[in-house]
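Could you put the whole structure together from the sequences, leaning on the hints where they help?
If you read the protein sequences in the order shown, they are chains A and B. Be aware that the first sequence starts at 143, since it is given in this note's numbering, and climbs by one per residue. Be aware that the second sequence starts at 3, since it is given in this note's numbering, and climbs by one per residue.
Hints listed in this document are in silico derivations from the structure and should not be mistaken for laboratory results. There's no promise every hint is true.
Claimed, not checked - Which stretches of chain B does chain A cover? Using the computed rule of at least three CB atoms under 8 Å from a CB of chain A, they are:
hint : region
1    : 5-13
2    : 16-24
3    : 30-41
Claimed, not checked - Pairs of lysine-lysine residues, derived as DSSO-like cross-links and limited to a Cα-Cα distance of at most 30 Å, are as follows:
hint : chain 1 : residue 1 : chain 2 : residue 2
4    : A       : Lys420    : A       : Lys227
5    : A       : Lys420    : A       : Lys221
6    : A       : Lys166    : B       : Lys44
7    : A       : Lys227    : B       : Lys12
8    : A       : Lys227    : A       : Lys166
9    : A       : Lys221    : A       : Lys166
Where a beta carbon is used, it is the ideal one built from N, C-alpha and C, also for glycine.
In case you want the letters, here they are:
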Amino acid sequence: MTSVPIATERALPAEWRDFLALTKPRVMSLVVFTGLAGMLVAPVVPPLVLGFTAILCIALGAGAAGALNQWYEADLDAKMRRTAKRPLPDGRMDRQSALHFGVGLSVFSVILMDLAANHLAALLLATSILFYVLVYTVWLKRRTAQNIVIGGAAGAFPPLIGWVAATGEIASLPLLLFAIIFLWTPPHFWALSLFVRSDYAAANVPMLPVTAGVEATRRQIFLYSLPMALAAVAPWPLGLAGPLYGVVAAALSATFVVMAALVLANHATEPAQMGPEKKLFGFSVLYLFALFAVLVADRWMMA
Amino acid sequence: MSVHEDEVVKRQRDRARLTAWLLGGFVILLFLVTIAKIGLQK
Chain A
143 MTSVPIATER ALPAEWRDFL ALTKPRVMSL VVFTGLAGML VAPVVPPLVL
193 GFTAILCIAL GAGAAGALNQ WYEADLDAKM RRTAKRPLPD GRMDRQSALH
243 FGVGLSVFSV ILMDLAANHL AALLLATSIL FYVLVYTVWL KRRTAQNIVI
293 GGAAGAFPPL IGWVAATGEI ASLPLLLFAI IFLWTPPHFW ALSLFVRSDY
343 AAANVPMLPV TAGVEATRRQ IFLYSLPMAL AAVAPWPLGL AGPLYGVVAA
393 ALSATFVVMA ALVLANHATE PAQMGPEKKL FGFSVLYLFA LFAVLVADRW
443 MMA
Chain B
3 MSVHEDEVVK RQRDRARLTA WLLGGFVILL FLVTIAKIGL QK
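Next comes the structure, spelled out in structure tokens:
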């Protein structure tokens, strides 16, 4: 980590809104949703208060990981337009507060998960936080263009944690859900990184469009969308989901692959002309929400 | 007090109030979790 051009002597104490911003609430919403879906598709429904607490812990753990990520990356965030207004690069908060907040929230979420659910769920939550902070943020992000491929595993944990919080054990369906998010992450992030490429280049972050170029990134997006689509449909032929899920997952995944093909066919280098990339990025979020929502609906209809 | 000091006090008070609410919520949640866990063991 390099020195950070951040205000070390704050004129004012940070507001609670800044602490909230530190948790990346938008990312958290997807994490909470996939964690909840993992819990709702499990064969055991936990008591309401325990289920609520487990999901709260997943949200707090994701928020803690986001806070620690922003603590470590404050110097990078300051160089990128997209992130320059975050509390640390904007000088609204001192780094020590962010560190204390992130570590405190991490420990708190894991202990509470252990109390409300079980040891395995707490262990998985701790692993996901450590993976995001140490493996992705500290180790991979500044070193390799494969940062998002390996680091994406951190974001794939929530449905697994939700399932384990309900059942106490790991099974094939939550592992498939893990695989879906793991394979979805690269095309999702690379679509974004194509049209904010100059930001990553300015901050010297080796994202794929910076190191390998836009055409290679477009090829990778398309190639990753194929196994992702197969993993998304797999629960149906494997008997883990019914035809409702199978048909909707196939339609959604086919749309994703077609949109990835449109990205592949686009040869623009200017962000203003990257319509297919922006559409794929927007659709990818909707895709994951819809896929998990229909899986829950399907499993409940099968029950 | 200056405007600046007023703002510092206001922010500290806001944060203290929120922390108190969160701690109160946590105590209630822990109580409910304990009751639910006892119910599961019966």
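Tested hints:
| no. | hint | in the structure |
| --- | --- | --- |
| 1 | 5-13 | holds (count 4) |
| 2 | 16-24 | holds (count 3) |
| 3 | 30-41 | holds (count 8) |
| 4 | A:Lys420 <-> A:Lys227 | 22 Å, holds |
| 5 | A:Lys420 <-> A:Lys221 | 22 Å, holds |
| 6 | A:Lys166 <-> B:Lys44 | 40 Å, violated |
| 7 | A:Lys227 <-> B:Lys12 | 23 Å, holds |
| 8 | A:Lys227 <-> A:Lys166 | 13 Å, holds |
| 9 | A:Lys221 <-> A:Lys166 | 18 Å, holds |
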